[in-house]
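A.B. asks: Sequence:
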Amino acid sequence: MRPRTTAFSLVASALISGSFGGCFGACDGPAVKAANPALEKASEKRKDGKPKPRVDGGDVRIRSTDQSGITFQGKNGVEDSVGTAKVPEGFPLDTFGGARVVTSAASGTPGNRKYMVIFELPKGAEIDKVAGFYEKELKEKGVRAERNDFELHGAKTVSLVGKTTDGTVATVHVAANGEDPMNATVTWTPKGE
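Residue 148 in my numbering sits at position 140 of the sequence shown, and the numbers go up by one each step.
Where hints are given, some of them may not hold.
[Unchecked claim] Distance ranges between label pairs, derived from CB positions: (1) 186 to 97: 15 to 25 Å; (2) 186 to 120: 34 to 44 Å; (3) 93 to 157: 38 to 48 Å.
[As the list claims (entries may be wrong)] Straight-line C-alpha distance at most 25 Å; calculated DMTMM-like pairs for lysine to aspartate or glutamate: (4) 131 to 188; (5) 131 to 102; (6) 171 to 188; (7) 164 to 145; (8) 137 to 188; (9) 149 to 188; (10) 164 to 174; (11) 149 to 134; (12) 199 to 174; (13) 131 to 174; (14) 94 to 145; (15) 144 to 157; (16) 94 to 143.
If you're looking for bench data, these hints aren't it; they were derived computationally from the structure.
These numbers were taken from a predicted model, which means no experiment stands behind them.
Cβ coordinates follow ideal geometry from the N, Cα and C atoms, glycine included.
Let the sequences and hints guide you as you build the complete structure.
C.D. replies: See the structure below:
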């Protein structure tokens, strides 16, 4: 992974965490206090150098493995995942062909989860084709999206923002900047989240 992509992933993870309210729904009030010591324990390594697989912090359970990022499980049934390099289970949109997940996040209870996925798009992908693919995906899911194109000094961004009749909000931001890999950030937030 190139340094720029790694830095992007770290910044994206921080933004995801902030966008979803820190620890999402699982870390409200007393759960935050319970999670802090558990997070410290989760970051400790086992003797073989791998992260500890589970830590129970009272109100919040934290799971961490090399491939799955960090998952917070609250006693209230909310499960939040951050930093996974795969499309979260239940993500409602298809993935543009050849795209690779850089990082993702999911939060909520089954049937009412919000998602954010950041993709690195394949070399040679055209920004208008990627945006067109997601325009079609959103339309098929009942999202009436508005498209905005922006170009400055060779960098181009296409944003799709819309919602369904029930109030679910979806966004897609596709960015191309010269030789850097093109990225797409896709969010899906059900009504009431």
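A.B. asks: Evaluate each hint against the coordinates.
C.D. replies: Status of each hint after checking the structure:
1. 186 to 97: 15 to 25 Å: violated, 35 Å
2. 186 to 120: 34 to 44 Å: At roughly 40 Å between Cβ atoms, residue 120 and residue 186 fall inside 34 to 44 Å, so the hint holds.
3. 93 to 157: 38 to 48 Å: violated, 29 Å
4. 131 to 188: Answer holds: residue 131 to residue 188 is near 9 Å, not above 25 Å.
5. 131 to 102: holds, 19 Å
6. 171 to 188: Cα-Cα ~30 Å, so violated.
7. 164 to 145: holds, 21 Å
8. 137 to 188: holds, 18 Å
9. 149 to 188: violated, 31 Å
10. 164 to 174: violated, 31 Å
11. 149 to 134: Holds, because 23 Å separates the two Cα atoms, which is no more than 25 Å.
12. 199 to 174: holds, 7 Å
13. 131 to 174: Answer violated: residue 131 to residue 174 is near 37 Å, above 25 Å.
14. 94 to 145: holds, 19 Å
15. 144 to 157: holds, 17 Å
16. 94 to 143: Cα-Cα ~22 Å, so holds.
Figure legend: structure checked against the earlier numbered hints; hints not met, in rising order: 1, 3, 6, 9, 10 and 13.
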